[in-house]
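Assemble chain B with the ligands onto chain A, guided by the hints.
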Amino acid sequence: MAKTQKSNSSGIENLVRVGFFLAVRQVKRSNIWTNVLIVSIMTLTFLNLVIVSGILVGLIEGAVTAVKSHYLGDIFISNLKNKSYIEQSSQIIKAAQNLPSVEAVAARYIETGKVESDYKENKKRVTDLDESVGTSIVGIDPKAEDIVTGLSGLVIEGDYLEENDYDRVLVGAMLLKKYLDFDSPTFPVLQKVEIGDKIQVTIGENVREVIVKGITRSKVDEIDRRIFFVDKQLRGLIGRNDYNVDEIVLRLAPKTDPISVKNALIGNGFDQFARIQTQEDAEPKFIKDMKQTFALLGNIISSIGLVVAAITIFIVIFVNAITRRKFIGILKGIGIHPKAIEMAYVFQSVFYALMGTAIGTFLVFGVIKPYLDKNPINFPFSDGILVATASGTAIRIAVLLIATFIAGLIPARMVVKQNTLDSILGR
Amino acid sequence: MIKVKGLVKKYKSGTLELAVLKGLDLEVKKGEFLSITGRSGSGKSTLLYQLGLLDEPNAGEIIINDQDISKLDSTERSRFRLNELGYIFQDYALVPELTAFENVFVPLLMQGLEKKDAENQAVNAMQKVGLSEKLKNLPSQLSGGEQQRVSIARAIGHNPKILFADEPTANLDSETAETVLKTFLDLHREGQTIVMVTHEPEYAALTDRIVLLLDGTIGSDKRNH
Ligand SMILES: Nc1ncnc2c1ncn2[C@@H]1O[C@H](COP(=O)(O)OP(=O)(O)OP(=O)(O)O)[C@@H](O)[C@H]1O
Ligand SMILES: [Mg+2]
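Chains as they are written, first to last, in the working numbering: chain A, 1 to 427; chain B, 1001 to 1225.
Looking at chain A on its own, in the form it has when it is part of the complex (with noise of 0.2 Å):
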């Protein structure tokens, strides 16, 4: 035999660059208008697989962040259980305020007591009930508090309090009817309220008429139902002269461990007169649970999306090779290894689903995060963010295209074995 035996032929090297040479070609040279289809449908699954349970999850993400930064802080300080206020305040405030990773301070006086806005006309008879809204009454020192939790962001109409207002409050968006659009047994309203209207706030013997400053809404209904008062006029209204406050608030230096600065407080003994929480120990457990609902129903819409993206690349790749059968069988016949097809196949499924995915990622860091992260989206009980994280993106991508090397391969196999005689003649 003259002729040098290629003994390479068939390694996968050379199975690569075949089949890598036959899927440009028909990528190259299939009509622009069916690239442009499949590509779309890649990178509409990718954006399903991302965005569906990354809006989920930033759905929680969003209340999460509004009890943080409006209510909790990063350390949240309260009572004991069988205690009315925090005792030693001061001293856990000056601590607190020494730690160096405490950047600031804030300290409620929190009663309850009611409010009513319609207490002259609408009382005709004494039998007539009272028409009061149970509430927090909250009195709170206006720099402090603004700087840890924003208050002053958050009134949506009038103005923030001064440090020496005197009977003048802000009111929870949640207590007015204006603001409230469903009726709740739960949810108590007052009536007509405008900013300068007088309302009266009852606190345990003590009665008062104040006017409305302002109108507060954080969407995080505990601030939503609360009366703030400048503190100073609360502890008098409540007699309160020991300066022990009810609620410490603390915001950390960025990137604190939020543990540490616990620690060291419990290390010096305040547990004894306070609970001491971070952040998340303080969230509410129905926070915790949503947290983890929302997570696993994007998981679940997640895998149907991508059940749904590998049939479709089935069907894609699968539609494209029992079209070209008579070709796939004629190359077979001219002595092109069956498996040098196959990679032609797999490499075209998996060059759509890396556009696809290339454009989908592009759409979710360069244009859909950056908008929602400027114009969340309103819903009820949070501002809406798109969690997508590099990671977990990473992570569906690669999922996404073990999926379509997969769905890829499997109609590739079916077609490219069938009899090659049959398939060159059409049998």
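Don't take each hint at face value.
Pairs of lysine to any residue, SDA-like flavour, derived with a Cα cap of 25 Å [to be verified]:
id, chain 1, residue 1, chain 2, residue 2
1, A, K417, B, R1077
2, A, K417, B, E1084
3, B, K1022, A, L425
4, A, K68, A, T389
5, A, K326, B, Q1090
Calculated directly from the structure, the hints in this document are not laboratory data.
Below, chain B with the ligands without anything else, positioned relative to chain A:
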């Protein structure tokens, strides 16, 4: 070069069994240009598929180049086709997404040749069939005769030991058919072994030897010179 003994090929359709080749014996010498004729349905294509390793006979022996083909598994048969045989299908059988040049180039690439060598060999083959101007045309941009010549170029690109052609002129007008046949005669002059199925007595007359298929065996076997 080719030795066939007692070749049997049967087709089953339902309960009926049709024996197309019934113990056929044939020998082809190196460098011979052989034509196979016979009426339609006599089994010419069937015979060529067996010789070209595209199909497996029910019984009999095929020895090509001292190698017993029946002992090869499908991967070895595939490699044998790639390296030793050239096959020209009746309907050209070009791959539509590949240009004329690429159709010829792919099997060479598959052989594991360096890209440059494969390119040179493909261009050479295209030159031999007189199509070096149309390398970049897709099959759809070629005439029937040109497509057939590309399919010849693909079959001869790797200098096969034997070239099989199933009615290579069937779909061509007589002028184009003659060009194609001239290409075969040129190849034959260079020593190429060719087995060609044809209906046309005038083309058969140009070959070394005419074998007539009749009733599943060789009806007659005539030497022309
Ligand atoms: N897959 C098959 N199943 C059943 N019968 C078949 C099959 N393939 C071919 N035949 C039969 O085998 C016989 C020989 O077919 P073949 O294609 O070899 O004929 P041929 O000599 O090439 O004819 P033509 O000149 O028309 O091309 C025909 O009668 C055909 O009907
Ligand atoms: Mg035939």
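Hint check results:
1. A:K417 x B:R1077: 15 Å, holds
2. A:K417 x B:E1084: 23 Å, holds
3. B:K1022 x A:L425: Given pair K1022 (chain B), L425 (chain A) holds - Cα atoms ~23 Å apart, limit 25 Å.
4. A:K68 x A:T389: 20 Å, holds
5. A:K326 x B:Q1090: 14 Å, holds
In summary, this structure violates none of the numbered hints.
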